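The two chains are supplied separately, each in an independent frame; assemble them into the complex guided by the hints.
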Amino acid sequence: MVYGGVHLILPAQDAPRCAPVLRRRRRAAAWTLCWPASPPSPPPPPICHHHHAAQPSRGLPPSPLMGEDTDATLTLNHHGFLPDHNYVTEVVLGVAPLLLKGVQTDSRTPPLLHHLSMFTSVLLLTPPPLYPIDPPSQPEALSDSKVPEELRPSCPPLSTLESSPRMLSPIQVLCSDITTLSLEPEPFASYTEGLFSILFFPKADIISTVEFNHTGELLATGDKGGRVVIFQREPESKSEPFSQGEYNVYSTFQSHEPEFDYLKSLEIEEKINKIRWLPQQNAAHFLLSTNDKTIKLWKVSERDKRPEGYNLKDEEGRIKDIATVTSLQVPVLKPMDLMVEVSPRRVFANAHTYHVNSISVNSDYETYMSADDLRINLWHLDITDRSFSLFLSDIVDIKPANMEDLTEVITAAEFHPLHCNLFVYSSSKGTLRLCDMREAALCDKHSKLFEEPEDPSARSFFSEIISSVSDVKFSHSGRYLLTRDYLTAKVWDLNMESKPLETYQIRVFVHVCCEPEPLSDAAVSHCKTLFHVHDYLRSKLCSLYENDCIFDKFECAWNGSDSVIMTGAYNNFFRMFDRHTKRDVTLEASRESSKPRAVLKPRRVCAAGGKRRKDDISVDSLDFTKKILHTAWHPNENIIAIAATNNLYIFQDKLNSEMH
Amino acid sequence: MAGADGDDSLYPIAVLIDELRNEDVQLRLNSIKKLSTIALALGVERTRTELLPFLTDTIYDEDEVLLALAEQLGNFTMLVGGPEYVHCLLPPLESLATVEETVVRDKAVESLRKISQEHSPVDLEVHFEPLVKRLASGDWFTSRTSACGLFSVCYPRVSSTVKAEIRQHFRTLCSDDTPMVRRAAASKLGEFAKVLELEYVKTDIIPLFTALASDEQDSVRLLAVEACVSIATLLPQEDLETLVMPTLRQAAEDKSWRVRYMVADKFSELQKAVGPEITKNDLVPAFQNLLKDCEAEVRAAAANKVKEFCENLPEDNREQIIMSHILPCVKELVSDTNQHVKSALASVIMGLSTILGKDNTIEHLLPLFLTQLKDECPEVRLNIISNLDCVNEVIGIRQLSQSLLPAIVELAEDAKWRVRLAIIEYMPLLAGQLGVEFFDEKLNTLCMAWLIDHVYAIREAATSNLTKLVEKFGAEWAQNTIVPKVLGMANDPNYLHRMTTLFCINALSEACGQEITTKQMLPVVLKMSNDQVANVRFNVAKSLQKIGPVLDSNALQTEVKPVLEKLASDSDMDVKYFAQEAIS
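As given, the protein sequences belong to chains P and R, one line each in that order.
Residues 1 to 660 (UniProt numbering) are what the first sequence spells out, left to right.
Residues 1 to 584 (UniProt numbering) are what the second sequence spells out, left to right.
Excised from the complex, chain R in its bound form (with noise of 0.2 Å):
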């Protein structure tokens, strides 16, 4: 009989495996995140023998619970006996793998991939090579899509004729009835074909790559082109033209914009596995009919490429390449009928820049620079003024500023309030690459403006926005240009504005150090602790709160605990509080 310290010990174990059934999913959740407690009371043996039995049936329950059951088994390996055993965690994996969730399913997969590594050769011949042929055998499609995903895995560790199996088995998967089994060959068939010796790459892999790429499904066809990435980087040079470019050539040609979006999507990839010959003479002109495509969806992918594509030509005769066959399309790209297309180009058109050189980004880039500053979508003119760092490091700003500024004023009043938050958010970086003088000159009225604005969210950025620039600019120049208008807005007769100088205090505070803050700020601060409105006096106490570490004891003991023990007093109940907040 096992004594009262045995029943306590029990006791939280025994609660766990009830809960394993618990109405509460929670609960059930709970308990399986748990599995391994449970695992290590009962022990290795019984472990073995009743917990994963249960387990294996067990597949009735929600999605998450799934989920995590699939996840713990994946360590389970020394839970239920090591190495030796490891097989026995399979079959409760494997009735995982077959469940409608794909998510479940992914997992389960995972983690089979993982003790598939816990396997001795003789185990993985045994055990595990028998689950993986009962799966791509199975019923069901969902058994078969899982199955995909664990041939790579075990084929390096298996013998000569069980290799065979597992190649005639990939084979059948390939040209399975249901597309969502060939989609989930097609996905794997680049790590398959890593996994294989050479020669099987030529003999097995080429024909079914071959036959996914021209699949009657373009959701197939569309994964052949991540395949082909792969399968590209594996093959000598010279086979690359025969046995990999004709199916290539055709997918950057696909009848469905869907397969040509892909290989617009994937472009860089492609080029760096195909080197730079088959790149100069075959998909330089791929790319160009992609950037020209009808459908603006790969337009916006082959755009949005544009300058990886650039950077990535052989050095050689890149320049040439770029001006005389590259360049004229994005010429045409920046006067697209699509927005997204615009933009995707916007973001990564700068680049070209550090490319060409200045001579040829003052003749050919800055123009289109200019014509996409002056874009109609918002998202555009955006996407340019973000990435200005790129041409200044070439050509200097200075080229751009004259159109530079009426953007960004016409940004700045922008109707939509995200768009004037996210010029905002630049304005630190034009500030740094414009000058003092320019932004004084410039730009100033805007970012007081902003303070102003009807939108919350824009005057706390513009608040913040002053702090960096201040960080940028100095102590000396904050003193001279922005204190004094925030200083102003003290007197404004909208609270809010008025509000508006306590936040920018407070923020700026820091950053413009002890003696502006004392001399100017301070007794400002002080004087609106008598505003009639008690969210200024209110905020007042916080901002004093926030700015006494940067102010001498002498100021605080004279000047602001005066304040603050009279707000203590105020009649309003906020502002005592925040008052008290602040002695304390």
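So here's chain P without its partners, still in its complex pose (with noise of 0.2 Å):
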């Protein structure tokens, strides 16, 4: 094959030239990075006895590149905790005076690397990776199919269009929350459910990318756990209409583990960033994960035969005698119960010096990139020692020094879905650019450039920031672009460069702010709320800074006839709009709200002082800590699937119809 460009030799490892920068947040990275997913070997015993059919046992055969991965943990544990210990020993300290009465201590221990090593002695007690899904656990799971005829939810009224204009409903509720554990064997269980929750809560359960593979059969969730699972719809069956297309556990497995980079001394943290699936190539399905640094594939296979028969024992094992031995047996293969399989099939390592935010496969079927800050890469599937690098912003090279100089940085970057030689990545300033691969081998000359121009008059401290471009989508047509920044989400033409199609505000968290849509009417007489309103964005987006929301990466997503678009916002709650109505849909994802099958309400937010309705939500309530990073669309279909911290919520439409 030939590829050009810069080529990377990857064992050899980039010169360690500058800490973790660009990653503002670095406080809250700082957060999940301490906590080890899963304990090292040996597994701990279960307390959790959730286990569903599919669900195959922990002993996954390891990669050799997992066993290392392991040493990684037990290292990370002494040193991994260190650099930061100002802010572990918060959280310690917070569960500290719980732990002490289970523990034993040991006086030659410092008092912090104690807690430390508690801490992970706690963690190791916590489950395997749960989504814990056996229906007579998980009453929000409850499968139809066990429930009598007439206990079962009547079908939900046919409401109004006016009423409920996206009437979705959530088909299912998956979590893994505390509260449904039982947590049996003993050591700390003379605590109370709720100290416990403080210190689950944090950890790895919490779901960072969401993805429906290519016919939308199949949804993958990674967490920062590192764990992956997927889910597979059930086919429709006529008896049961309920139980349609309910997304069960398929398999759960653990694509990444702690690492700690010795040369730089950094902690690499398992968070799966990205998930994208392959094309399907066979009766195989293969996936990509990734984290900061590492991109694995994935193959998730079924099997349901198994060799029987041995010469020289029998199925349990036990030695014959060999002088029954008198004929040789031949395995014969008998069908069994279906298990699937997931093994790792390639590791792409060492390219990436800083995090990597996106993945894409090209739709030539044999390539991908991969996006950090500062470069992206190509791959081909099935070579892992060599990648060329696409793009490289210039200060990798020019002033590797001097990284204050820093202006820009890319954000995400995608595939054309039809045009195996386009490209399109978005950067820190709000500017998108589209890429050639044909034109030349190093693409530092995008061929477009799309950006809007920026309001003088409304610049501050906050404006580039919040025109970050977090997140940016190919339609399925390949005719638009959608891209989230912090306050609004747009829908730009591939053949506009100068401004977006379309703008949609989202509203994240004061409805206020954004209520005077067209400015241009009777400017001079709004003069005044403009102001105000500008005024209180400010002081709003002050808050937002301090706590650190103001760096969240919200995702986008287009329905399977790019009609619709959806986006994530604060307290749960997502938006919908619809590009050709203009209609738009705020709706809540919680668990008290949205019960199985049933329809979900619209929701809105209203400012601080003004009129309420019933059902609204005063902007002052707004949870903050609770926001809805991560949503995929189904692709052909009306189904979504909403990540809200450690629940995965699945909503289907409920008319079976076009949402509009």
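Misleading hints may appear alongside valid ones.
Unchecked claim - Partner residues are not named here, just some residues of chain R that face chain P (Cβ under 7 Å, in silico):
| id | residue |
| --- | --- |
| 1 | Pro-12 |
| 2 | Ile-13 |
| 3 | Asp-18 |
| 4 | Arg-21 |
| 5 | Phe-54 |
| 6 | Glu-100 |
| 7 | Trp-140 |
| 8 | Phe-141 |
| 9 | Pro-179 |
| 10 | Met-180 |
| 11 | Ile-206 |
| 12 | Gln-217 |
| 13 | Ser-219 |
| 14 | Glu-297 |
Keep in mind that the hints were calculated from the coordinates and are not lab data.
The structure presented is a predicted model; accordingly, all values stated were derived computationally and were not measured.
Beta carbons are placed, not taken as given, at the ideal position from N, Cα and C, and that holds for glycine.
Quick look at the structure:
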């Protein structure tokens, strides 16, 4: 194959040029960084009994590389915690009194390390990857097949379009919530559940990416603990109309482990940043998952036969008496229960100095790209020891010493869905660049630059932060681009570079600030309001800056026909916009409001002092810790998957019709 | 009942069979590699009815096991009962031809191609051809890509109706939805064309070729360039212009640099395939454009082909074409902005001198060589220096020596040790071409300076360089120029330099012969046995062992042995060890 550009010879590490820059949320990163997601061997005693039939045992044959990971985990426990110990102390002190009851103190260990080791030991007791979906224990995921006909919820009323423009109903809430667990092996069983949930929550269960495969039959989620859970849609059955399209756990596996980069003294967290499915090539499914540094290719396959018959021992492994072996026996394959196997196929490592923010599979079926803050690499799916840098920010080579001069970083990148030579990447300055790989090997010159001229009057300290593009997605047709920045979602036409085709206000936190949308009319009379708006916005942004929310990276999604877009917001709200009717709706993904099969009610956020309708939420009561960053839309149908911290909600269009 | 003897012979086979499903991959792999032993023990009947069905379903295994299995099955004909039953091997190979791992699939296809030859024409139509059809119309693209490689082996041996079907299947795959399949079809297009009748090449292959060459994916288009070579060789000269050339011209000007790169990369083959007339009219301008391409990768690929292209030009007006068309482009490339392009050119440019003759070389090429010798990129300079022999034949190296020397000196002192290492390796060659006098005058000091380089690899290379020089210039020369300097280092305050003396002696003793070794080197070595650094002392022991065979037995007994015995009672453990090694 012919590729050009800058060849990276991979095993050679890049010189340790700089500390983990470019991640302004360092504190938050440090928080998750510290928790080993899964215990080093031996595996913990299972405290959770929710083992799904399709869930393979955790004894997946580990790749050699994963074995090394385990070593790194062990080291991490000792080295890994130290750099950020101030922060860890904060956490540990909060729970230490609890822990001390249960663990013997060793006077020789320094107090901090001691807490940490205890903390780790608590983590060891936490259950293995759990989206415990065993129906009986999980009321939300009640399987209708077990409920007698008359008890089944009746079909929700066909409410009129006025009352419920988007009739979505949750078909399932899948979650790994502490409250549903029984903590059986006892060492800490004397503590109340509530206290435990403090311990539990910030951990590995927070979902960090959601992705449907190309047919929509499978849905993969990745979490901060480096785990990937794959859900499979149950086939529709005529006898049980309500159970159609339910997604059940198909397979769960540990994709990444925490690591420690000794050259740069950097912890590499195991959080799954992105998952991408490969186009299906045979009966097995393939997906790419990445953390900050390493991309892995996984094969998910089914197996329903197993060999039987040994010559020298019986099926239980008892050695036969040799004298009884008089003829040779060839093993025979017998049917068995369906087993889902996940095996690592390739590991693409050592090509990124900074954090990988996106991966995207090319339509040529043989290459994919990965983007970090300053570099975009092109990989062949079969070749792990070479990659080709498609794009290198100048600064990487020119001024590596002075990272302060860095003005712009890559925030996301994606291939065109149909043309194998086109890709787009977005930057922290709010621009999009379209590159054509046919023109040159190194795509440092873009073919098109999509940029909206900045309004000088609205300029503030925050304008660059809020204009940073957090996600970019090609429409299925390949004609449009959807981008998300902090306050808006924009649709761009590939043929118009000067401004976006459509701009949608997300109203992430304040209804009022976006109310005077047509700013042009009667500008003078509105002047005062406008001033107010900006003032309010600024003060609000200040507080969002302080609690780091302003750096949240919201993703966005297209529906199958490119007519509706969806993106997340705070307070477990997510927003949908119909591009034709220009109507929009805010919906909430919460366990209280979304009972299975109930129809979601649109939510409204109103200004602090404004008039309130029933059900409206005051702007001041919005919960900024509940954010919906990751959403995915089924490629053809109106099924959406919403990740709200550690819960995954799957909603389906009740009318089985188009959304509008 | 089988007796005890029967059990004994059964046992190893039973273990092998059981290990086919062992948890350890290595054991499974071992077992698969001895599949023929198992089959032999089972006999042809049971191999067909039991072993093969089991193997057909083992596609869940690791790639390396599957790869070994695919390879084994290609040699299994006799083990299933000879050509009569060879079709029994098709099911396991068919399932292997659909796995996702390319190497396994390719191996399965290779084995299928192999056993296709062992099918009788009837079996081929009854068993093999349906398999190809099944693969070609499979649901997953892995099976369809595998099918592409099988058409050409069964086509020549089937009836004309089946032939028509095969052609139809190939056509379908060429316009498959997935680029993977189109790529596989494109890469097999040339091969398939070779087995087709000429009329079908024209009616079937050419339209497919044209379609693939204008595919929307450049990864498909670039494979069509390869097919172009084989198709062009099949067609009579008069058809080339109308059937192939439009596509080739289009490829040479493709919008995607990767396709143009492919054209540049295959240029010599294309040139041979289309013949001298088209080369003159079409390829020369195309080649000029590739040399001036805006993408450096394309220019580098084209630059690599400059010599070959010029060599293969029709002789009658070769010189005129080179001088008026190619050389101007080459001149530009000499000062290209990209160092890969320059170094690609530097690796072939010297070859032009033999084609152009003495006068042209002096007038036109020499300035280019001189510019490249002064290039900022060491790789360019190295490439020029490494090809000096071509110029030497034509104009003699004296013309270059004035510029050569500064270039060599600069490389010899380059900050990168790999560059220094590379130039050392060319020293014997240079010395041979420049002659003793020039060498003594200019280069000898360099060679000695490398002996005290701070990188061991350089010192080591410098030592072996000296050996090669002595082989070239003779022992007398060594005695006058090298040996005194080398031996002088024995008194160096740096023990590493003292050790270099020993290493040099090790290397030189044989080339210098007995007399120099005994008279000049041996005393120095023996004197060093009193060195205060243990590393030097044990290297003395090693050196003595090494030069022992060159010395006469008298010197060995009277001089070497006492010293070794003294070293054998040294206080240092390593010195003792090596001294004892040497004595024995």
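Here's how the hints hold up against the structure:
Interface hint status for R:Pro-12: violated, as the beta-carbon distance to the closest one in chain P is roughly 11 Å, over 7 Å. A hinted interface residue such as R:Ile-13 counts as satisfied when its beta carbon comes closer than 7 Å to some beta carbon of chain P; here the least separation is about 6 Å, so the hint holds. With its C-beta approaching chain P no nearer than about 5 Å, R:Asp-18 sits inside the 7 Å limit, and its interface hint holds. The interface hint given for R:Arg-21 is met, as the beta carbon of that residue sits about 5 Å from the closest beta carbon of chain P, less than 7 Å.
Satisfaction of the interface hint for R:Phe-54 is found here, the shortest Cβ-Cβ separation to chain P being roughly 6 Å, below the 7 Å cut-off. For R:Glu-100, the suggested interface contact is upheld, since its CB lies about 5 Å from the closest CB of chain P, less than 7 Å. Satisfaction of the interface hint for R:Trp-140 is found here, the shortest Cβ-Cβ separation to chain P being roughly 4 Å, below the 7 Å cut-off. Restraint check, R:Phe-141 versus chain P: the minimum CB separation of about 6 Å is within 7 Å; hint holds.
Against a cut-off of 7 Å between C-beta atoms, the interface hint on R:Pro-179 holds, since the closest Cβ of chain P lies about 5 Å away. For R:Met-180, the interface hint holds, the least distance from its beta-carbon to any beta-carbon of chain P being 5 Å, beneath 7 Å. Given hint, R:Ile-206 at the interface with chain P, is violated; its Cβ is 25 Å from that chain's nearest Cβ, farther than 7 Å. With a cut of 7 Å, the hint placing R:Gln-217 at the interface with chain P holds, because the nearest CB-to-CB distance is about 5 Å.
Checking R:Ser-219 against chain P by beta carbon gives a least distance of about 5 Å; that is within 7 Å, so the hint holds. For R:Glu-297, the interface hint holds, the least distance from its beta-carbon to any beta-carbon of chain P being 4 Å, beneath 7 Å.
The earlier numbered hints that this structure contradicts are 1, 11.
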